[in-house]
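These protein sequence lines are chains A and B, in that order.
So the first sequence is numbered by our numbering: it starts at 1 and just counts up by one.
So the second sequence is numbered by our numbering: it starts at 1001 and just counts up by one.
Bear in mind the hints are in silico, worked out from the structure with no lab data behind them.
Since the model is a prediction, treat every value here as computed from it, not as a measurement.
Treat the hints with care, since some could be wrong.
Stated by the list, open to error - Keeping only pairs whose Cα atoms sit at most 25 Å apart, straight-line, the calculated SDA-like set for lysine to any residue is:
{"hint": "1", "chain 1": "A", "residue 1": "Lys245", "chain 2": "A", "residue 2": "Asp191"}
{"hint": "2", "chain 1": "A", "residue 1": "Lys12", "chain 2": "B", "residue 2": "Ile1182"}
{"hint": "3", "chain 1": "A", "residue 1": "Lys208", "chain 2": "B", "residue 2": "Ala1161"}
{"hint": "4", "chain 1": "A", "residue 1": "Lys208", "chain 2": "A", "residue 2": "Asp246"}
Below, each chain spelled out in residue letters.
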Amino acid sequence: MVAIASFWDERKLLVFVTLIIVASIVMLVELDAARHGDRSLPDQLITSVIVPVEDALTQTTGAVVTEIRTLAHAGTLASDNATLQRKVQELAASNERLKEHAGENVRLRRMLALAQTMPLQTIAASVVGYAPEGTRREITIDRGWRDGVSHDAVVLDGDGLIGHVVDTGPHDAHVLLIIDPSSNVPAFLRDTRTWGIATGTWQHIRMKYIGQDVKVRPGDTVITGKGEIYPEGIVIGTVREVDRKDNALYQSAVVAPAVDFNGLLHVLVVRR
Amino acid sequence: MTVDSRALDRLRPEGGARRADAVRPQDAEVFVPPRFWALLLVAVGAIIVQSTLLQPLSLRGAHVSLLTILLVWTGLRCGVTTAGLLGLLSGAIEDALGSGGVNVLATTVTGLCAGLLNVRFFADSLPVFVSAVGFATVLRGLVTYIVSELALGVRGSFHRASHELVWQCVLNCTAAALVLVIERIAGHVRK
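Work out the full structure: start from the sequences and follow the hints.
Structure below.
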């Protein structure tokens, strides 16, 4: 009894209870701010100090890694250069063909009297860091509301959709990745034009609520459907496996994301 | 009552006096706890390294948590108050950097519980430190999971969370062992 009494002496108990109460209050304030897409004042102060340090560290590390890779692959640079030149020629040729198709597309749209979709205006941003403990799949980018980044702005890169902005500071913003379980994106299968909802599963995406009568095949491309936040037509990923049960109302599919979320360096933020 | 030392020597077996000299305690090393601001600075450094440099390094989706190791180290050496306060502040910093409020309670509880071990165990024992880091990782993961489920409405992530927790335990325990070995080597070099 004496040991227990000393173990839980009054001072220790007071510290214990006080700190847990303070932590709970901080947690509630943070959760409330996150739910409303805001940032509390302490958060703004902390991010304004730490994000520039993260940015500098990421840039320096990136530069060092690039130099090391260049030195390691110095022998193959000449052959790589020749290959790339060939590729550029091929791409230039295919680009010309695509321009022809684009022109034809515009004419067809006019003929069908469809609304002319404006080209997306984007802001280039660098990835500064990830959520420290991986408790949420989030990244921090080095552009904030002063640069035109707004809450719910869509973020993508050359490969496809990355996520959307959940809160912004003056010079930085947090982006919730589409692989986070709290992310829901309206999606449809490009070939069959079938709707569903793409929800994150930490590593991949699951496309839910696909009708039972739809034939879904591995390799099918999944793209965004027009929703409150997302514009349509951005690639989400490709179907990896299909989960279909006869007694279920809907079938679902595991989708491999088009973007490699572990190697993000630069992203584009769509202006709203 | 006074005891004649020569009489004691006579009672000892041969060489007893010399052996007694040999086992006489050496100059005991007194541990001076680091200042709180220094610990906080190390915690901030650990968080920045975790969110940038260590991000690409993962084992089956799990990342090493330098902050958990630091909290256990602080708890074992400095006690409940310091470790709890460090957990509170570092958790708030982690949440500000993009976790939406799920970390602060977990880090505070981890720091407080690690601080309770301060009076129970030897802080520089490798098995004690590594086991404490293992338990702290599980405790922190559990609190984070509960907060995520209740507050963020992230359902059905137990399988994934437990899977990552096991691997994070392995990573953290290995890193903790390395930290203690490095600390000991540094101590020997200083001597």
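Here is what the structure says about each hint:
1. A:Lys245 - A:Asp191: holds, 22 Å
2. A:Lys12 - B:Ile1182: violated, 31 Å
3. A:Lys208 - B:Ala1161: holds, 21 Å
4. A:Lys208 - A:Asp246: holds, 15 Å
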